[in-house]
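Enquirer: Sequence:
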Amino acid sequence: MVNPFPKVHIDFFTRQLKEFNMEFSQDMLVVFEECEVVYK
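Residue numbers are given in my numbering: position 2 of the sequence shown equals residue 2, and the series is strictly consecutive.
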């Protein structure tokens, strides 16, 4: 199986989830959002 999460992403999510007393798992649902600056 190909690892869908590069190590850098696993490290990032692991750090972020610690704040919520959660552990990263590769089978957890993750939402990606893309934003665009429309006014400055």
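Simulated from the structure, these hints should not be mistaken for laboratory data.
Hints may be right or wrong, so weigh each one.
Now the in silico label distances, taken between C-beta atoms and shown as ranges [stated by the list, open to error]:
id: 1; residue 1: Tyr39; residue 2: Arg15; range: 16 to 22 angstroms
id: 2; residue 1: Pro6; residue 2: Glu36; range: 30 to 36 angstroms
id: 3; residue 1: Val31; residue 2: Lys7; range: 18 to 24 angstroms
id: 4; residue 1: Asp11; residue 2: Tyr39; range: 29 to 35 angstroms
id: 5; residue 1: Tyr39; residue 2: Val8; range: 29 to 35 angstroms
id: 6; residue 1: Pro6; residue 2: Glu33; range: 25 to 31 angstroms
Just so we're clear, the structure is a prediction, and the values are computed from it rather than from any experiment.
Just so it is clear, CB atoms sit at the ideal spot from N, CA and C, and this is done for glycine as well.
Enquirer: Does each hint fit the structure? Answer for all of them.
Expert: Hint by hint, here is what the structure shows:
1. Tyr39 with Arg15: 16 to 22 angstroms: violated (32 angstroms)
2. Pro6 with Glu36: 30 to 36 angstroms: Violated, since proline 6 and glutamate 36 (Cβ atoms, about 24 angstroms apart) do not stay within the stated range.
3. Val31 with Lys7: 18 to 24 angstroms: Once the Cβ atoms are compared, 21 angstroms apart, the range 18 to 24 angstroms for lysine 7 and valine 31 holds.
4. Asp11 with Tyr39: 29 to 35 angstroms: holds (34 angstroms)
5. Tyr39 with Val8: 29 to 35 angstroms: The hinted range 29 to 35 angstroms holds for tyrosine 39 and valine 8, with Cβ atoms some 31 angstroms apart.
6. Pro6 with Glu33: 25 to 31 angstroms: For glutamate 33 against proline 6, whose Cβ atoms are near 19 angstroms apart, the range 25 to 31 angstroms is violated.
Of the hints listed earlier, those the structure fails to meet are numbers 1, 2 and 6, in rising order.
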